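Peer 1: Work out the full structure, taking the sequences as your base and the hints as a guide.
There are 2 protein chains.
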Amino acid sequence: MGRLSLLLLAFLTPGAAIPVPPALRAFSNLHLSSSFTSRPAIVMNYSIHYIEQKVDHFGFSTDKTFKQRYLIADKYWKKDGGSILFYTGNEGDIIWFCNNTGFMWDVAEELKAMLVFAEHRYYGQSLPFGVNSFKDSRHLNFLTSEQALADFAELIQHLKTTIPGAENQPVIALGGSYGGMLAAWFRMKFPHMVVGALAASAPIWQFEDLVPCGVFMEIVTTDFRKSGPHCSESIRRSWDAINRLTRTGTGLHWLSEALHLCTPLTNPQDGQRLKDWISETWINLAMVDYPYQSNFLQPLPAWPIKVVCQYLKNPNVSDSQLLQNIFQALNVYYNYSGQARCLNISETSTKSLGSLGWSYQACTEMVMPFCTNGINDMFEPNSWDLQVFSDECFRQWGVRPRPSWITAMYGGKNISSHTNIVFSNGDLDPWSGGGVTKDITDTLVAITIPDGAHHLDLRANNAYDPKTVLLARSLEVRYMKQWIGDFYASRRKKH
Amino acid sequence: MGRLSLLLLAFLTPGAAIPVPPALRAFSNLHLSSSFTSRPAIVMNYSIHYIEQKVDHFGFSTDKTFKQRYLIADKYWKKDGGSILFYTGNEGDIIWFCNNTGFMWDVAEELKAMLVFAEHRYYGQSLPFGVNSFKDSRHLNFLTSEQALADFAELIQHLKTTIPGAENQPVIALGGSYGGMLAAWFRMKFPHMVVGALAASAPIWQFEDLVPCGVFMEIVTTDFRKSGPHCSESIRRSWDAINRLTRTGTGLHWLSEALHLCTPLTNPQDGQRLKDWISETWINLAMVDYPYQSNFLQPLPAWPIKVVCQYLKNPNVSDSQLLQNIFQALNVYYNYSGQARCLNISETSTKSLGSLGWSYQACTEMVMPFCTNGINDMFEPNSWDLQVFSDECFRQWGVRPRPSWITAMYGGKNISSHTNIVFSNGDLDPWSGGGVTKDITDTLVAITIPDGAHHLDLRANNAYDPKTVLLARSLEVRYMKQWIGDFYASRRKKH
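Chains as they are written, first to last, in the numbering used here: chain A, 1 to 495; chain B, 1 to 495.
It is possible that part of the hints are untrue.
Any copy, or any two copies together, can satisfy a pair, since identical chains are not distinguished.
As the list claims (entries may be wrong) - Derived DSSO-like pairs: lysine-lysine, alpha-carbon spacing no greater than 27 Å straight-line:
no., residue 1, residue 2
1, Lys-79, Lys-64
2, Lys-160, Lys-67
3, Lys-135, Lys-64
4, Lys-160, Lys-64
5, Lys-78, Lys-493
6, Lys-481, Lys-438
7, Lys-160, Lys-275
Please keep in mind that the hints were generated in silico from the structure rather than gathered at the bench.
Quick caveat, the model's predicted, so the values are computed rather than measured.
Peer 2: Printed below as a string of structure tokens:
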């Protein structure tokens, strides 16, 4: 099992090449239409800006700079008693995150807040070496979380010195997924820049042996087990069925037809690629198992796993019947619109995510061990093998992972001296397994959302929101108001 | 006015070359004998170790490593209820700091402490590229405070995993001068590694406009004004006298003889070098104006400025008489032993400090503005000119300073969310002007030592210690005990 990215799931066996999504572009674009976005009510008006950033904040032998993109929305911002909500961008195009973080837009008026969305270096348009950014490990050398946090610090400094009225306002960091990790780490490392952080679905403990490597896939499995009778059992049985079918040319041909694959499977090794792609699909579904029709990674119906599981009620069927059922299930994810002509096993989600960048990050700092045993989870057994992983990283990027670095840098479980961080997690979200789901101190608090998938709380208000997410959001607003209030109280005391 | 290093004072006008101390080696070595060291009582027994460190903690394109040196003294260490005192080494040979930080040795038994002294990269024996370390800006690229802090984090991690009994012990960071800045910053950035920090004479605010650029030289001046009648006035008058004398060949020749210079002054430009060297001498004296005979930067009598000022009682004398008096005063600093045959204006202090390294650091991160106006201080007026400074840095190292980086990185004056840092400062120490001399919060506290020069509190107990430093040390021990106690109390609560 290889690099499991946070949003873009490059869920690969070692040795597999990183998929550079080539096709189905038309299909994807078709559905970025408004009927699937969750925000028809509020118009997201933002201005686009660029700041000149040092390529290397931590070394002086080069003074090279690049343009980092960021967005500003200040419709509800008040210079008097206002605040700045700062989205610490993660592995993708910042406009996509902006459009998928309706929570910030929903609370802007109440917090008199300016919204800022900062793009993460090496993603979207913020490419330190332009088209050459992913050329080799020398160009990728500056793709680290530390450099990204330093970008955020410089950007906040810049906003405070150039926007009249911004200087004396409290800034709050917000982010989801890897962006949530960055929000939490930013508060830990730059508490002089932000008064607090909302880290939504941030698996800051998905490293080394901080949590069991199997927990992620166990949560995926639980989601399927609870969403329909025999659902996870059907999936568990499907792997051997695929193994049997991919042994022969006839089987490969049949499978390619049955699954409507755009590119037919031609050899037994393709079987592994197929299984990886299907696994990733189930994982993605677990992440976006939202209670309403949505379009985050793909256009999907409400509670998509329930819909998927309607096709997977009976595990005790023939291999061919089981795989035909699996096709119906996959179709829920890949063809909710009904317009896809074939399925492409080289891609699983939106083009807005940067697969190359995350693949490199997973091979350097973001070394997240994953494993399965086929017993507590519905997948084929797969142990975590750092050496194999490392060799594959070296082959692909010329770098070796440093698995203990993130813990040394950011503290692992020993973070109780920090303050003002809210960690929110949805119980349906497999990433909650590596997240902070219990209060650490009075000011390092955990909010759990029983019916929530991956950072549901960051999404816009929706009529179908479960009560638990409404409660979570209102708690989050309360904490943010508290930080803002403390900031102004402490300023008044000084003057 | 150029780079003012913390201990090694490369106090240069822009355009002057960095002095690479060439001579008087025999003279210096002579006086590193026991009669001048302040610690004849306790034997400093330590073992020497090396740890393999990444040259670049913040990038992955190179996996190159180097050997960082560190010292361990564990005579009084107890595995049961003990602690680890970790000296965050600064710009010099770690053995020299070890020998000059008697305080740690004095409190080791009381705190059941293991002492660890970690050498700063690019100093002493800890050279990332061996003899080529200072060759060019490419080799120097990894000489930053962030890399040094990461070294410390990795070293502590290493000690905890390799020394049985160390794992569950509280670590406290200690340091003086730049080492004190590192101790404070280490607690700020890596609070999961150390329970607290003692930052002695740490001018963390000697950056940008956090304090007035003139404060440093004003304190130097005050030290001389208070140490004898007309003392600072004599020095103030000496600059013009030198200017007049260095205008002619006869004057240059006379001055070279009168000051017993090893290398005669040959042209008017040498006048500036001479003045810089004399200025540095007064600054150094202000730093080491200790109440007893000592040998930190040079072998010196007790209260050396008072001794110096005995020769500078009368400012209203002829130029030649004034300079003869200045020679007598300089002689206190450069020839307390009486064995120096001549004075070398290319050096001002011990060889244990790394002048090249600090010159580079001052040209990159450690951009400390200094200025004089000749009114509030006894020096020739000199304004802070960043552009000139930057150009000189570029000429010498091929790098440009980033004057606002340290504030962005470490918070400037906005550090109140951190905890457990004691900032100690001596009122006689010119670096106190850039230090924290007032409590920020209950756990970010300032200790001032009215009769103290540069980190007097870190020096070994001495019969001539003023009461104020004894009080400071006992407060420091009390805080450290509190941090250690809190650590063990919180551990007991968990189990």
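Peer 1: Are the hints correct? Go through all of them and say.
Peer 2: Verification of the hints:
no., hint, verdict
1, Lys-79 x Lys-64, "neither (35 Å within a copy, 50 Å between copies)"
2, Lys-160 x Lys-67, "within (18 Å within a copy, 42 Å between copies)"
3, Lys-135 x Lys-64, "both (17 Å within a copy, 21 Å between copies)"
4, Lys-160 x Lys-64, "within (23 Å within a copy, 39 Å between copies)"
5, Lys-78 x Lys-493, "within (21 Å within a copy, 45 Å between copies)"
6, Lys-481 x Lys-438, "within (22 Å within a copy, 30 Å between copies)"
7, Lys-160 x Lys-275, "neither (50 Å within a copy, 42 Å between copies)"
Hint violations for this structure: numbers 1 and 7, all remaining hints satisfied.
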